[in-house]
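Engineer: Following the hints, complete the assembly by docking chain B onto the known chain A.
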Amino acid sequence: MIGLARPAPPSGDKRWKIVEATMRRNGYQGNSLIETLHSVQEAFGFLDDDALRFVALSLRLPLSQVYGAATFYHFFTMRPPGKHACVVCTGTACYIKGAPALLDALEKKYGIRPGETTEDGELSLLTARCVGSCSIAPVVVLDNEVAGKLGPKEIVSRVEGVMNHGS
Amino acid sequence: MGPENLDQIAAAEKLRAQGMRHHICVCTAAGCQSAGSGEVKNALAREVADLGLKHTCEVKGVGCMGLCSAGPLVSVECGEDRVLYQKVKPDDAEDIVGALDGGTEVSRLVCDTRAPFFSRQMKIVLENSGRIDPERIEDYIAVGGYGALMRAITEMTPAEVVQEVIDSGLRGRGGAGYPTGLKWSTVAKANGGQQKYVICNGDEGDPGAFMDRAVLESDPHRVLEGMAIAGYAVGANHGYVYVRAEYPLAVKNLRTAIRQAERLGVLGSDIAGTRFSFRVEVRLGAGAFVCGEETALIASVEGKRGAPRPRPPYPAQEGLWGRPTLINNVETFANIAPIIRRGGDWFSGIGTGKSKGTKVFALAGSAVNTGLIEVPMGITLREIIFEIAGGIPDGRRFKAVQTGGPSGGCIPEQYLDLPVDYESLVKVGSIMGSGGMIVIDESSCMVDVAKYFMEFCMSESCGKCVPCRVGTTELHGLLSRISSGTAGARELAMLEELCEVVRNTSLCGLGQSAPNPVLSTLRYFRDEYTAHAAEGRCPAGVCKTEKEVHA
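Protein chains in written order, with our numbering: chain A, 1 to 167; chain B, 1001 to 1551.
Pulled out of the complex, with its shape left as it was, chain A reads as follows:
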């Protein structure tokens, strides 16, 4: 639109270029809001207020609509993720094969509930509705590696392993 300059990104961080590329590819249309939010989360790991404001201005959408979409969809998170992520699948097959026991063990061990991150920022505990690997239930996705058919003790030692090993 004539006379309307695109807003400047919240910071000089190069990752904003990826977000801007997504919006440009979609012609800065309002209907690309969800694609854009995906792009922000992929680049930064989460959505913060600055990001939402920037997206709203760029796509010329009311901030309420952007905030609404960001909080409506479970996939989006507004908290920074921990260094490691442990996602416990709570799909039906995993549930009846013992996912609650896995969650219990992890919650006790690290003192956090699903959706939370340990105070030192090392580990986020998350749940997934279903990752679709039901044949190897119960499934845990540890730093993007899918692991199946594990018991509570095994999963805790896996997580320990990743945290001690991880850079």
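Hints listed in this document are in silico derivations from the structure and should not be mistaken for laboratory results.
From a predicted model like this one, the values you see are computed outputs, not experimental measurements.
There may be inaccurate statements among the hints.
Facing chain B, according to a computed beta carbon distance under 10 Å, are these residues of chain A, among others [said to hold, decoys possible]:
(1) Gln29
(2) Asn31
(3) Thr71
(4) His74
(5) Tyr95
(6) Lys97
(7) Ala137
(8) Val141
(9) Ala147
(10) Asn164
Now the stretches of chain A that chain B is said to cover, found in silico as 3 or more residues with beta-carbon under 8 Å [stated by the list, open to error]:
(11) 35-48
(12) 122-134
Capping the alpha-carbon separation at 16 Å, the derived lysine to aspartate or glutamate pairs in EDC-like fashion look like this [stated by the list, open to error]:
(13) A:Lys83 - A:Asp120
(14) B:Lys1054 - B:Glu1094
(15) A:Lys109 - A:Glu160
(16) A:Lys109 - A:Glu119
(17) B:Lys1060 - B:Glu1039
(18) B:Lys1304 - A:Glu35
(19) B:Lys1544 - A:Asp120
(20) B:Lys1252 - A:Glu119
(21) A:Lys83 - A:Glu160
(22) B:Lys1060 - B:Glu1135
(23) B:Lys1252 - A:Glu35
Think of the CB as a built atom: it goes at the ideal place given N, C-alpha and C, for glycine as much as any other residue.
Structural biologist: Coordinates of chain B only, in the frame set by chain A:
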């Protein structure tokens, strides 16, 4: 690009394949991938290269072969001979490649493909799955791919295509079973001359269901071909595939497929020199179960919160951006190309009176064989669970089979001889659903299962209408109290009454069907509810009741 070009590509691809003596196909779909098939494939490729067999032996990644519980699966083909290996480790590569030329097989890894798991299936949707490389369009074309689209746009009128789909008797595979041909003809008739859209619903949100993911990962071109044929039939030139962001491999394979199809000219402008143009875009879901509902899905494609709206007007009249829109599920579109290729009459010859063709199920839970299966409609639940799935492991007893996810119900043993079709499953209080099938054994508590699904619906309710937003929360609260043994007969009566209210007054399918798991377990496992409510005891020993906590 025209039919003759397709033939050339197919011929070249077949010639290339014939040049290879052996084909080692490694399943690289999500199930086997999480069991480590990527490393197995690398190890096999290294071994082939080390032995200098690169020009006679091909190692390729293929889609889902079905028996995910025995993954990683590797299929070795030589002419007509085919050996299937199960639970393959990277260390097995040496033996597998070593056995190629001797004509022997590595007996410790062989998976018997004469077992009922394989022999009782019938594959239409999954005919290419596990056979072709999903990342190469040439492989799809070599097995006849895009031939149906060429035939439709060069030899048939749009009305003839719609008629073929009507004749096939195909019904929506997303769960509700609305006749596909009828939907197509409604969109085709909607206000001529204006923009129309085709949407593929790949928002497979049911926990325990992974059919659509498998189809998109294993044979993405089949879905694109079905969508393009639909576009031609209803007069749309633009399509969207709405896929869950939780399925990264499906998204990647789909995007690759769209790029390849556009480059080859089977998607894009003026396909095959006709005036028909069709483009497809991918839209990512963001984790909202309600977006499987068509009006919510449309809102999400428009970039808004996925809140449903009342129907009518149906999307066929006013859909995406207010334009007539055809929405079908992934599996429905995957059935289209074979119907055009082989005729509606062929398709309607399979299945039962009102349910035609086959259905893909994701078998999970307490069964010996779990994975992806495709069976003709009309097969009994008993055949699926005790023959194909191989029964219940560890000597436990069968208790129920759950179909339809949070919108479905639990079917007990006395109905196992029921034929699998849309009407029969509804009659016993469940639904066909999109194809999740979870086997439950005696170690599970049905009140707990009902509570699990209600927790799901409560958290996934979009909050737009009161009966669903408040009702599912109240139902979950009641179920929690029953399961903890702190509720009595009064709460049980309230539970039943509230189920009826939520079912009858919710705005969309999510709320209307949310009580189903409760109602069906109340119907068949009432004794478990009363044991919790009257005696404060969980017969399966799953729920921690107050009594036990105190003891």
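Engineer: Could you run down the list of hints and mark each one as holding or not?
Structural biologist: Evaluated hints:
At about 8 Å, the closest approach between the beta carbon of glutamine 29 (chain A) and any beta carbon in chain B falls short of 10 Å, and the interface hint on this residue holds. Proximity of asparagine 31 (chain A) to chain B holds as hinted, the smallest CB-CB distance being about 4 Å (cut-off 10 Å). Against a cut-off of 10 Å between C-beta atoms, the interface hint on threonine 71 (chain A) holds, since the closest Cβ of chain B lies about 9 Å away. Because the beta carbon of histidine 74 (chain A) sits about 4 Å from the nearest beta carbon in chain B, less than 10 Å, this interface hint is met.
Hint status for tyrosine 95 (chain A): holds, given a least beta-carbon distance of 5 Å to chain B, under 10 Å. Interface hint status for lysine 97 (chain A): upheld, as the beta-carbon distance to the closest one in chain B is roughly 7 Å, under 10 Å. For alanine 137 (chain A), the shortest C-beta to C-beta distance to chain B is roughly 7 Å, which falls under 10 Å, so the interface hint holds. Hint status for valine 141 (chain A) relative to chain B: holds, with the closest Cβ pair at about 9 Å, below 10 Å.
A least Cβ separation of about 8 Å between alanine 147 (chain A) and chain B falls short of the 10 Å threshold, and the interface hint therefore holds. Annotation: asparagine 164 (chain A) was flagged as interfacial toward chain B, and the flag is violated, the nearest CB pair being 22 Å apart, outside 10 Å. Closer than 8 Å: that is the beta-carbon criterion, and the segment 35-48 of chain A has 3 residues meeting it against chain B, so the requirement of 3 holds. For the segment 122-134 of chain A, the stated coverage by chain B holds: 7 residues have a C-beta nearer than 8 Å to a C-beta of that chain, and at least 3 were required.
Proposed proximity of lysine 83 (chain A) and aspartate 120 (chain A) is supported: the alpha carbons are some 9 Å apart, at most 16 Å. Among the hinted pairs, lysine 1054 (chain B) with glutamate 1094 (chain B) is consistent with the structure: their alpha-carbon atoms are about 15 Å apart, no more than 16 Å. At roughly 10 Å between alpha-carbon atoms, lysine 109 (chain A) and glutamate 160 (chain A) fall within 16 Å of each other, so this suggested pair holds. Taken as a hint, the lysine 109 (chain A) and glutamate 119 (chain A) pair is honoured in the structure, with Cα atoms around 13 Å apart against an allowance of 16 Å.
As the CA atoms of lysine 1060 (chain B) and glutamate 1039 (chain B) are separated by approximately 13 Å, the hinted pair is consistent with the 16 Å bound. Restraint check for lysine 1304 (chain B) and glutamate 35 (chain A): the C-alpha separation of about 11 Å stays at or below 16 Å, so the hint holds. Annotation: proposed proximity of lysine 1544 (chain B) to aspartate 120 (chain A) is violated, straight-line Cα distance about 33 Å (limit 16 Å). Only pairs whose Cα atoms come within 16 Å are accepted, and lysine 1252 (chain B) paired with glutamate 119 (chain A) is rejected, the gap being roughly 35 Å.
For the hint pairing lysine 83 (chain A) with glutamate 160 (chain A), the CA-to-CA distance comes to about 13 Å; that is within 16 Å, so the pair holds. Distance restraint check for lysine 1060 (chain B) and glutamate 1135 (chain B): the Cα-Cα separation of roughly 10 Å lies within the 16 Å cut-off, and the hinted pair is therefore satisfied. Between lysine 1252 (chain B) and glutamate 35 (chain A) the alpha-carbon distance is near 15 Å, which keeps this suggested pair within the 16 Å criterion.
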